[in-house]
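Trainee: If you want the building blocks of each chain, they are given just below.
Protein chains: 2
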Amino acid sequence: MIKHLAIIGVGLIGGSLALALKKAGLVEQVTGYSRSQAAREEALALGIIDNTAESLAEAVSDADMVFVAVPMGAMQTVFEQIAPHLKPQTIVTDGGSAKQQVIDAARQALGNKFDQFVPGHPIAGTEKSGPSAAFSELYQQHRVVLTPVAETNKSALVRVRQMWQQAGADVFEMEVEHHDVVLAATSHLPHVLAFNLVGMLAQREDCDEVLRYAAGGFRDFSRIASSDAVMWRDICLGNRSAILELLQQYRSGLDKIEQAIRQDDGDYLIDIFGRAKRARDTRFADPDLKDNSEV
Amino acid sequence: MIKHLAIIGVGLIGGSLALALKKAGLVEQVTGYSRSQAAREEALALGIIDNTAESLAEAVSDADMVFVAVPMGAMQTVFEQIAPHLKPQTIVTDGGSAKQQVIDAARQALGNKFDQFVPGHPIAGTEKSGPSAAFSELYQQHRVVLTPVAETNKSALVRVRQMWQQAGADVFEMEVEHHDVVLAATSHLPHVLAFNLVGMLAQREDCDEVLRYAAGGFRDFSRIASSDAVMWRDICLGNRSAILELLQQYRSGLDKIEQAIRQDDGDYLIDIFGRAKRARDTRFADPDLKDNSEV
Numbered sequence: 004m005i006k007h008l009a010i011i012g013v014g015l016i017g018g019s020l021a022l023a024l025k026k027a028g029l030v031e032q033v034t035g036y037s038r039s040q041a042a043r044e045e046a047l048a049l050g051i052i053d054n055t056a057e058s059l060a061e062a063v064s065d066a067d068m069v070f071v072a073v074p075m076g077a078m079q080t081v082f083e084q085i086a087p088h089l090k091p092q093t094i095v096t097d098g099g100s101a102k103q104q105v106i107d108a109a110r111q112a113l114g115n116k117f118d119q120f121v122p123g124h125p126i127a128g129t130e131k132s133g134p135s136a137a138f139s140e141l142y143q144q145h146r147v148v149l150t151p152v153a154e155t156n157k158s159a160l161v162r163v164r165q166m167w168q169q170a171g172a173d174v175f176e177m178e179v180e181h182h183d184v185v186l187a188a189t190s191h192l193p194h195v196l197a198f199n200l201v202g203m204l205a206q207r208e209d210c211d212e213v214l215r216y217a218a219g220g221f222r223d224f225s226r227i228a229s230s231d232a233v234m235w236r237d238i239c240l241g242n243r244s245a246i247l248e249l250l251q252q253y254r255s256g257l258d259k260i261e262q263a264i265r266q267d268d269g270d271y272l273i274d275i276f277g278r279a280k281r282a283r284d285t286r287f288a289d290p291d292l293k294d295n296s297e298v
Numbered sequence: 004m005i006k007h008l009a010i011i012g013v014g015l016i017g018g019s020l021a022l023a024l025k026k027a028g029l030v031e032q033v034t035g036y037s038r039s040q041a042a043r044e045e046a047l048a049l050g051i052i053d054n055t056a057e058s059l060a061e062a063v064s065d066a067d068m069v070f071v072a073v074p075m076g077a078m079q080t081v082f083e084q085i086a087p088h089l090k091p092q093t094i095v096t097d098g099g100s101a102k103q104q105v106i107d108a109a110r111q112a113l114g115n116k117f118d119q120f121v122p123g124h125p126i127a128g129t130e131k132s133g134p135s136a137a138f139s140e141l142y143q144q145h146r147v148v149l150t151p152v153a154e155t156n157k158s159a160l161v162r163v164r165q166m167w168q169q170a171g172a173d174v175f176e177m178e179v180e181h182h183d184v185v186l187a188a189t190s191h192l193p194h195v196l197a198f199n200l201v202g203m204l205a206q207r208e209d210c211d212e213v214l215r216y217a218a219g220g221f222r223d224f225s226r227i228a229s230s231d232a233v234m235w236r237d238i239c240l241g242n243r244s245a246i247l248e249l250l251q252q253y254r255s256g257l258d259k260i261e262q263a264i265r266q267d268d269g270d271y272l273i274d275i276f277g278r279a280k281r282a283r284d285t286r287f288a289d290p291d292l293k294d295n296s297e298v
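Listed in order, the protein sequences are those of chains A and B.
All residue numbers for the first sequence refer to our numbering, where the first residue is 4 and numbers rise by one.
All residue numbers for the second sequence refer to our numbering, where the first residue is 4 and numbers rise by one.
A few of these clues could be false.
Since the list can't tell identical chains apart, any single copy or any two copies may satisfy a pair.
To be verified - In silico lysine to any residue, SDA-like type, Cα no more than 20 angstroms apart, as pairs:
| no. | residue 1 | residue 2 |
| --- | --- | --- |
| 1 | 90 | 207 |
| 2 | 6 | 171 |
| 3 | 131 | 222 |
| 4 | 259 | 248 |
| 5 | 259 | 240 |
| 6 | 25 | 110 |
| 7 | 131 | 277 |
| 8 | 259 | 247 |
| 9 | 131 | 43 |
Worth flagging that the hints you see were computed from the coordinates, not collected in a lab.
Only a predicted model underlies this, so the values are computations on that prediction, with no experimental measurement involved.
Excised from the complex, chain A in its bound form (with noise of 0.2 angstroms):
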């Protein structure tokens, strides 16, 4: 049971967190904040949180547990904010895409309560957001990552890992470097990807004419291309690192392709595609996996 949550960013993942502990009566109260008061107002209309903060000091001076769900640019900011205002058994978590920078933000802007800061990625959420995007079950069967570094107090990571456990999740810790790899192969390359083809296709003058013949194949591999710019801009930029690596790796591939098909090399392409559909084929039919849905 938390006594006090407070929710830093009211918007789908945020929210979706203060939905489902609600539901499951596993939170007595909880305090949401935005930068923005239409959110607020609009989080609170929702029943998402009980009250709402006018500041980030407001929102957490009486929380036992803060959950920071921000993009990824605002998380130093708001934990240079919140670092004077946090109890000592206040536990601080977050919903980042890319640990090593956040971690990075909280070391230095939360000082000696870094301790008290366990780092965490719920694998879930959808190409929406906003207050109207969060829901009670979005966690449910999904994966939450968390990767606790060497400071981080022992029973504030037993605390998060119980929290998103009761919010329906399932809970695995991996080493932050492992994380951030893992994430940029499946996450943040492929939304890098979709982003560049309708970006590409926006700037076409028969944009639309060319949209209305694209079908179900397009409208999934593009999904993606919906989601929030200034969240992907900051995981972009969050996770660089990991990310240009697999551009290269995804880059030095195309060029092969392209070569294949310039040369006639049909055997080629067959391997290519051939491994890709068996690895995806065997990999999901994983049942486990079923259910999951993150952008």
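Starting from the structure of chain A, add chain B where the hints point.
Mentor: This is chain B only, laid out in the frame that chain A set:
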């Protein structure tokens, strides 16, 4: 009403047309041919076809309408083998995803019967293939593009149009070259991008573990990488010039994103990602497209 329909290739595309026309009571007899005896027997057992042919000659010799639904690399051979056995009034149409190559093959192989050929492309499908994947509703509210050329017999064009409408499709006509560019942009390039990503991840030693953390966004993005490798080899080689041109544009876009990430140019990323999001949100709010589902 079609008296005798011959389906060359009894998989998802050919089989679904046969099932749709049968269900509508608009075909008297369907003969199916596949190189694979197992596929022929499966199609017969599933009621997709009424009888099987042992050869292409046998399949088409009594047909009024011939639908060629084989991978594009096999089309020329099929055209060559059926040409001597087509009656003057027999209409031939196809389901190839790139039209110029099929038209060139048909022109060469059909000779003075080329006017009996109506080039077509049903923009529908799933990532599955084979007779068991066929279903009668596949084409309902999906687009079928016909790309007639100067020689195409006008009444043959009308009959093919009617056939697809009877199968539930919305039929459009398009210039060959325009079709090939539009489909390269919305279908062929996305397939290459998805195959390349999944193929790259499949080569990692930690592939299984990495994909364990992949969620819905990745699954949707990569669904088209489950498509048939032979079919997509043929499309890549068959629509080479349009695909290579778009691939160049795509790579140049990736270059710019990579540079922006490297140089911490968040404004550029916001610009591209935001443009993509707006284009997709606007275009796919169109209810018209909601039920389309080509691979």
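Trainee: Which hints from the list above does the structure break, by number from lowest to highest?
Mentor: 1, 6
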